[in-house]
Structure formats: structure tokens, C-alpha cells
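Engineer: Using the sequences and the accompanying hints, generate a full structural model.
So the sequence shown is numbered by numbering that gives the first Met the number 0: it starts at 0 and just counts up by one.
Everything labelled a hint here was simulated from the structure, so no lab data went into it.
Certain hints may be false.
[To be verified] Capping the alpha-carbon separation at 20 angstroms, the derived lysine-lysine pairs in PhoX-like fashion look like this:
{"#": "1", "residue 1": "Lys346", "residue 2": "Lys315"}
{"#": "2", "residue 1": "Lys346", "residue 2": "Lys421"}
{"#": "3", "residue 1": "Lys80", "residue 2": "Lys59"}
{"#": "4", "residue 1": "Lys461", "residue 2": "Lys75"}
{"#": "5", "residue 1": "Lys319", "residue 2": "Lys329"}
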Amino acid sequence: MSETGFDYVIVGGGTAGGVLAARLTEDPSVRVLVLEAGPDHRSLMMRIPAGVVGLYQAGKYHWDYVAEPEEHAGGKVLPYKMGKILGGSSSINAMHWVRGAPAVYDGWAAAGCTGWSYAEVEKIYRRIERFSDTNVPHMGMAGPISITRGDPNSSVLNVAFLEAAAQAGYVPTDNPNGPNQEGGAVLQRNTIRGERSDVYRGYIQPARNRSNLTIRCGVRAEKILVEDGRASGVVYRDGGGQHMVSPAREVLLCCGTIASAQLLMLSGIGDPEQIVPHGIALRHELPGVGKNLHTHPAIRVGHETTQPVSLLPWTKPPRKWVAGVEWLLKRTGMAATNHMDAGLWFKTDPALPYADAQITFTPLVLDAGYGDGEIHGFDIYLELVGVRSRGAVTLRSAEPSDRPVLRFNFLTDERDLVAFRKSTRIMREIAAQPAFDAWRGRELYPGTETQSDDAIDAWIRKTANISHHIAGTCRMGAPDHPDTVVGPDLKVRGLDGLRVADNSIMPFVSNGNTHAPAIMIGEKASDIIRGERNA
0 MSETGFDYVI VGGGTAGGVL AARLTEDPSV RVLVLEAGPD HRSLMMRIPA
50 GVVGLYQAGK YHWDYVAEPE EHAGGKVLPY KMGKILGGSS SINAMHWVRG
100 APAVYDGWAA AGCTGWSYAE VEKIYRRIER FSDTNVPHMG MAGPISITRG
150 DPNSSVLNVA FLEAAAQAGY VPTDNPNGPN QEGGAVLQRN TIRGERSDVY
200 RGYIQPARNR SNLTIRCGVR AEKILVEDGR ASGVVYRDGG GQHMVSPARE
250 VLLCCGTIAS AQLLMLSGIG DPEQIVPHGI ALRHELPGVG KNLHTHPAIR
300 VGHETTQPVS LLPWTKPPRK WVAGVEWLLK RTGMAATNHM DAGLWFKTDP
350 ALPYADAQIT FTPLVLDAGY GDGEIHGFDI YLELVGVRSR GAVTLRSAEP
400 SDRPVLRFNF LTDERDLVAF RKSTRIMREI AAQPAFDAWR GRELYPGTET
450 QSDDAIDAWI RKTANISHHI AGTCRMGAPD HPDTVVGPDL KVRGLDGLRV
500 ADNSIMPFVS NGNTHAPAIM IGEKASDIIR GERNA
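Structural biologist: Following this line, the structure appears as C-alpha cells:
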């Protein structure tokens with residue numbers, strides 16, 4: 000017997016799903032059920048900005064995915080973590096607040112995503128944001144997510160980086176989330192008074208006591224039921240066994256880029272070649288499901304410093320304990336920040352419509368392989384945010400608990416390798432500027448012996464990694480595109496009663512951290528759904 004009594008079933012109570020649940024239940028006549036696989040437990044570590052490293056190491060709060068060996072990157076196996084908790088990755092990420100360049104969203108609109116241009120999504124971002132500075136153009140001032148400007152003066156190395164970027168010819172931008180993203184920038188983060196500001200605290204917690212919102216944690220959706228061209232319900236499992244629930248209106252899929260595609264295929268929705276061999280009955284042919292997987296690959300250039308000016312002492316006792324005590328007592332000090340205060344966006348090719356490279360400067364050597372963590376230094380961490388290589392998510396089996404097959408096809412597009420090579424030289428150029436003269440020691444990686452194109456390329460293939468910014472597997476687009484999974488209204492093509500609302504819908508990933516866009520997608524989805532209800 001299928002449970003009824005809900006208008007909407009939201010599968011996934013993460014970043015976008017949490018936003019959607021909170022917004023839909025603002026109408027007391029709308030009944031919503033949220034199914035979340037992760038726990039409802041709220042660790043104190045989630046509130047501490049500097050606790051982000053510990054959160055990634057705590058397996059309780061994330062899905063541990065592992066991609067297939069990367070043929071074009073020396074066969075390396077890349078792990079990938081996604082939030083598995085009420086509030087999703089918003090609760091455990093690095094708290095970078097990056098909308099993405101206006102040209103990204105205008106590109107979405109040009110690709111058939113009507114209603115998703117920057118002019119149309121900017122007003123949503125303003126609704127989300129509560130910026131700590133007053134009267135900042137282009138930023139929201141009264142939203143549920145608090146945004147704080149970083150403090151470059153927290154380290155002499157941050158100041159040196161911003162000066163060096165300007166000396167290298169990169170004109171500073173006063174607001175990387177405004178109309179002009181490019182240039183050296185003081186980064187923004189979603190924190191408030193020394194604590195993380197996330198979807199749980201900004202959206203879910205204020206809505207939890209509503210009588211029309213039901214949240215079930217620790218349950219896993221196994222299948223979307225399809226009958227006569229309509230998504231009629233969801234099969235899920237908890238500690239007591241298998242259950243079914245049938246919403247009166249729609250199933251809203253918000254499981255994230257990997258799990259949303261996986262659940263569609265487990266339900267018989269997708270490419271027959273990826274479904275039928277696993278013994279799953281094809282319910283709705285949609286070849287684009289699982290395709291277009293991509294994320295931002297990353298490299299870093301690291302230097303030793305000639306003086307002990309890095310964050311190294313704060314990463315170990317006793318100063319680590321001092322920082323923790325200060326945070327507990329006053330919510331200030333070295334634990335009250337993510338230590339990512341300075342950055343840069345630039346184009347590796349001037350013909351590009353927006354910056355394809357993003358630097359996050361860190362006044363610390365992040366590669367533990369150097370000096371057993373005893374070296375003072377800094378990292379110039381670069382993500383290729385205009386990535387071209389594309390991969391796919393496919394099923395490993397018909398068993399929902401089996402991790403899907405992830406193939407990022409890392410560096411398969413030659414343009415990514417070229418952009419990385421150019422970026423390596425640009426990072427070195429910045430590090431060589433006079434602003435760093437007082438602090439710059441030897442180059443730790445890639446090392447001064449790595450100079451030729453071939454040597455740099457080999458180093459990239461060996462050491463490049465991926466960021467946690469995946470997108471694209473349920474692509475939004477025009478109906479005539481062969482890989483379109485959802486239309487601009489987020490409805491799955493050819494099916495009634497089913498929408499997808501998470502970062503999987505991005506036709507191409509935004510050129511920055513994807514936390515802010517995920518919240519925007521949840522807000523936009525609620526606008527679309529409520530608009531249709533009220534039409």
C-alpha cells in the first residue's frame with residue numbers, strides 16, 4: 000500500500016532540496032515530504048569554518064565515490080565526496096561564495112534554458128544573500144544565507160598575492176560576484192559572526208516545525224515509479240524495510256549530480272544501453288541521463304617561504320587548541336575563517352566569454368608530501384572552471400546500494416591541458432612579482448626543473464586533481480538537443496509529475512564554486528512550481 004497525503008515528495012534533503020522544501024511549505028496548504036539518506040545529526044564541527052578539513056575526513060557526513068582510472072592522467076583513481084546529511088554539501092563544504100560570471104548564465108539561456116539568463120537569476124541571488132557590508136551594489140542584503148568578505152590582512156602572504164596579481168597585470172575587481180568577476184579579488188564566504196551559514200540553518204531549521212513539512216532522514220530512495228507516462232511515486236528503504244509514497248502532484252529529484260542520474264536509471268529512465276543490460280525494465284527512453292558529467296580539475300603551484308609567516312603553527316597543537324578555545328568562547332580567531340581570503344579569476348584565452356581559471360590563494364603548503372608538514376610556505380591553487388572534458392555516470396548494477404560508475408574522462412579534451420599549461424606559467428609569473436620578494440623561497444611544485452611544455456604536461460597529468468563541483472548529468476536545455484533531460488521548467492522530458500532540481504541540470508558548470516548556484520537552482524525551482532500552481 001502506497002502512502003499518500005503529500006503534494007510533493009522531495010528526494011534528497013541537501014542543498015537544493017532543502018531550499019525547495021522550505022520555500023514550498025511557506026504555503027500552509029502545500030504538504031511536502033523530504034526523503035534524505037544522510038543523518039539529521041548536527042555536529043558542532045559543521046559550525047566552525049576552519050573545521051572543513053575534519054568534515055571531509057569524517058565519512059559519516061558524505062558519500063564516498065571513487066571514479067574509474069583516468070586513462071589520460073596516468074591511470075590515477077580520483078575519489079569524490081558529496082554531502083550526505085540534511086542540508087547536503089552546504090553543511091560540509093569550504094564556504095566559498097561564488098555566483099559565477101554573468102556570461103555563464105547568458106550562455107545557459109542561449110543554449111535553450113529560457114528564463115535562466117543572468118538578469119533573471121541575479122534577482123534570485125539577491126534574495127538568497129545577506130551581505131555583511133552595507134550598501135554593496137549587486138549583492139543581496141536581507142536573505143537567509145549570510146555572506147562575509149574575506150580578510151586579506153589576516154596574512155602578509157594574502158596581501159602579497161593580491162599585490163603580485165596586480166603587478167602581473169590583473170586589474171583588481173571590487174566584487175567578484177558583481178558584473179565584473181575577472182581580476183584579483185578579496186574572496187567572499189558564507190559565514191556569519193564566525194560561524195558557517197548554510198542551507199540547514201538558513202532554510203531548513205526555520206521551517207522544520209511547520210505542520211505541512213515532514214522530513215525523514217536515514218532513508219534511501221530506490222526507485223521512482225512510472226505509470227502511463229507519469230511519475231506516480233517513490234520506493235524508499237529505511238531500517239524497517241521498503242516503503243512507497245505517492246504524491247498528489249510531483250516527485251522532485253534533488254539528489255545531486257551523481258545520485259539523481261543514478262536514481263533515474265535505476266527507475267528505467269535513461270539510455271536503454273545503460274539500463275536494460277542490468278535487467279531493469281525500460282520505462283522511459285532518455286539518452287542524455289548520466290551524460291555530460293564534468294567538474295573543475297585543479298592544480299597547484301607551491302612555494303616555501305623564507306620566513307615563518309604561514310599558517311603552519313595553527314595547524315597543530317598548542318595553537319590549534321588555542322584557536323578552538325577562542326572560537327568556543329568568542330566565535331573569533333583562527334578557527335572563525337576558512338583561511339581562503341584572496342583569489343583571482345582570469346582567461347587563459349582572451350577570446351573566451353568569461354574567465355576559465357580561478358585561483359584560491361592559501362598561506363599554507365597544502366601538499367603533505369613536503370617536509371612532513373613542517374615547511375612554511377604558500378599554495379596558489381588553480382581550478383580550471385571553463386573545463387571542456389566530459390564524462391558520464393552509469394550503473395554498476397541494478398542494486399541501489401552499489402556505487403555507480405564514474406568516468407570523468409579527465410583531460411581528454413586537449414584544450415584543458417593547454418589551459419592548465421598556460422595557467423601554470425601564469426601562476427609562476429605571479430609568484431615571481433616583487434610583492435613576493437620578501438617572502439618567496441624555493442618552488443616546491445612543480446619544481447624549477449619542470450619548464451618545457453612536455454615536462455609541465457607530464458606534471459599536470461601526474462598531479463592534477465578534481466574539485467567538488469560536479470554538474471551536468473541531467474542537462475537542462477532545448478527539446479531538440481539530443482542530451483537534454485529537463486526543460487527550463489525542470490520537468491523531465493516526456494514524463495509528467497517529475498522534475499530535477501540540483502546541479503545536475505547545469506548544461507555546463509558555472510565558473511566557480513557551485514554552492515551558490517545550487518541554492519539558486521532550489522530557489523528558481525520553487526519559483527517555477529509556485530508560479531504554475533498560482534497560474
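Engineer: All hints, please: hold or fail.
Structural biologist: Tested hints:
For the hint linking lysine 346 to lysine 315, the alpha-carbon distance of about 37 angstroms lies beyond 20 angstroms, and the restraint is violated. Proximity of lysine 346 to lysine 421 is assessed by CA-CA distance (about 10 angstroms); at most 20 angstroms being required, the pair is judged to hold. Taken as a hint, the lysine 80 and lysine 59 pair is honoured in the structure, with Cα atoms around 11 angstroms apart against an allowance of 20 angstroms. Between lysine 461 and lysine 75 the alpha-carbon distance is near 8 angstroms, which keeps this suggested pair within the 20 angstroms criterion.
With a C-alpha separation of about 15 angstroms, the suggested pair lysine 319 and lysine 329 falls inside the 20 angstroms cut-off, and the hint holds.
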